[in-house]
Amino acid sequence: MGRLMNNLQPIESKAKDKLIVATAALCGCFGCHMSLLDIDERILQLVELVEFDRTPLTDIKTVGKCDIGLIEGGVANVDNVEVLREFRNNCDVLVAVGACAVNGGIPTMRNQFDLKDCLEEAYIHGIGVENPQVPNDVEIPLLLDKVHPIHEVVRVDYFLPGCPPGADTLWLFLTEVIAGNAVNFPYSLIHYD
Amino acid sequence: MRRIVIEPLTRVEGHGKVTLLQGKNRHIRQARLHITEFRGFEKFIQGRPYWELPVLVQRLCGICPVSHHLAAAKATDMIVGVSKLTPTAEKIRRLMHFGQTLQSHALHFFHLCSPDLLFGYDDAVRHRNIVGVIEDHPEIAKQGVLMRKYGQEIIRVTAGKRIHGTGAIPGGVNRSLSKQDIHYLQNDIGQMIDWAQGAVALIKQVFFEHYDYHLAFARIESSMMSLVRNDGAFELYHGGMRAKDHDGNTIFDHVDYRNYNDYIRESVKDWSYMKFPFISSLGEEDGWYRVGPLARVNNCDYFSTPLAEAERLEFMAIGKGVPVQSTMAYHWARLIELLHCTEAIADLLRDRQLLGKNLRIKGELQSHGTGVIEAPRGTLFHHSDIDEQGIVKKASLIVSTTNNNQAMNESIRKVANQYLDGHRLSEALLNQVEIAIRAYDPCLSCATHAIGKMPMKLSLENEHGEVIDQLQKNTSGQISRTL
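Here the protein sequences come in this chain order: A and B. 1 is the number of the first residue of the first sequence in the working numbering; add one for each residue after it. 1 is the number of the first residue of the second sequence in the working numbering; add one for each residue after it.
Chain A extracted, bound-state conformation (with noise of 0.2 Å):
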């Protein structure tokens, strides 16, 4: 499961004023990115750390090398998987945020079941459904048999459990990272509803 939350290297020391953060949203809630935004004034200290002009929905052809990349989510399609490889191949250090992204969280209740019946389920026999068909189009991507964590598909370097991390938790830990401290999270920061 890659290395321990408890157990961060620090971060080279770049020749650059801030170090660039990117961040992913896969098959998640976005609820990972609402909790950074709850560290609430600290972000105008944040944006002073680092370079956030990289976000969730970066395009992927421009992402360049970046410090620290985030993932939020599990992996559902293919586009979650070029998305989460693209990451990997950028990112010095990748972050698994959040319990979909660590082991799969809400959206791996449909891996018991058989993906076709999820979809007839709510394109064929929901109710109130007319023009009963299953989305089909080219622009659509391919949906995977079952929904992944990220560890699955790529090498993860830190696992931020919580559904979602607090922002404490998200504050303590990219603070630390960034002065290049390792990272010692207190019990009140890692335990859950």
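Be aware that one or more of the hints could be misleading.
[Stated by the list, open to error] Output of the computed footprint for chain B on chain A, the stretches with three or more beta carbons under 8 Å from beta carbons of chain B: (1) 69-79; (2) 106-113; (3) 134-140.
No lab work stands behind these hints, which were simulated from the structure alone. Predicted, not measured: the structure shown is a model, and the values here were computed from it. C-beta: ideal position from N, C-alpha, C; glycine also.
Start from chain A and add chain B according to the hints.
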């Protein structure tokens, strides 16, 4: 790996992917915003006990989880045979929901839209984001961050944590507020009302600065649907369904939402995972409608709070007697709602029943439950059937943004016909499409919400279905022709 859909040649995650279909004489006959994510909640909540629904289904969305939490809780109230909550339980839930709407609207306005409004749509994209606002307008950025924080804190106090909390349970809530909680929240509410008034003033200034443009841009004539209170007042938590046509004539009113399936049906199209709801009496072709702030402010008879009501009257005046159809008026309506939320929170915090200890009612298990709520982005429908053991057998969800599906496509089509020049896509067109989509504040599961900007891929197909042009914009604002 089983192949269910065909893999396209180029794949870029998270893009708002739009295809424009040209008919004869170069007119755009259809615009398609493709929604490419599928998760399968309807299937995998089958077999789960009903009491898991409020905490399970909210994992659909981390941006407005409280809406799903409460809609599912309302459905489970019905499942456990409870038709009326204790006053404390209902008020705690309402407070949670106002907090949710406040934080979501603040996020949309300050974090996502204010860069467009403050810097203009032509500003460099590297600058036109929340970081740019922090640098150039620190006071506005601070207000946005702190208003969102305030809403999130209300959620934390009422639901236990800010995202994916546990406050609502079948038949009630699992906590009430302490005096300390109330004092804590009362400290800042005056400031929130002031800032909300400032936000409304700002959006009005922007709207009137380019009045004709804002009236006409991406404007479509549509029906509108929302919940209203039984006396017709603006309502977010509980009410009857009201729909009006584009002239403001009633299509249906005070409909018991438990019968929503008699009024709303959903069509499936093969090019999107998002379904297309329509008002069944009008048919699929004409029955599509809009939901969310624009629909709610247009549909209600009045706001129960004075500042929001005064703003509503000013807003409705631009419609000159019929509903305001300007798509850009979504932003304005959203901030009137933001103001209402702050006023309503201030009122609720004076209510001693928030301190009550009577939290939950029990009843007889029923075979099904329906919960409908006005989420920040519009009407949200949850329905579940259960067996005698309390296990979910069948479930149906219509999420808010889905209601606006056809409306967003129509707005894109309008913009495309206005800005498309011949057979070539332009940067201006791509920007305008983005602005039109953003007005709806779509909570696409492919997450068009971001700390930065929404990348776009825009394709143009001719009447023979051949792609004749394609533009792509990344988050740094670089535009490339990919054909």
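Status of the hints after comparison with the structure:
With a threshold of 8 Å between beta carbons, the proposed coverage of the stretch 69-79 of chain A by chain B holds, since 4 of its residues qualify and at least three are required. Residues of the stretch 106-113 of chain A lying with their CB closer than 8 Å to a CB of chain B number 6, which satisfies the three-residue condition for coverage. Using a Cβ-Cβ cut-off of 8 Å, 7 residues of the stretch 134-140 of chain A lie near chain B, which meets the minimum of three, so the contact claim holds.
Of the numbered hints given earlier, the model fails none.
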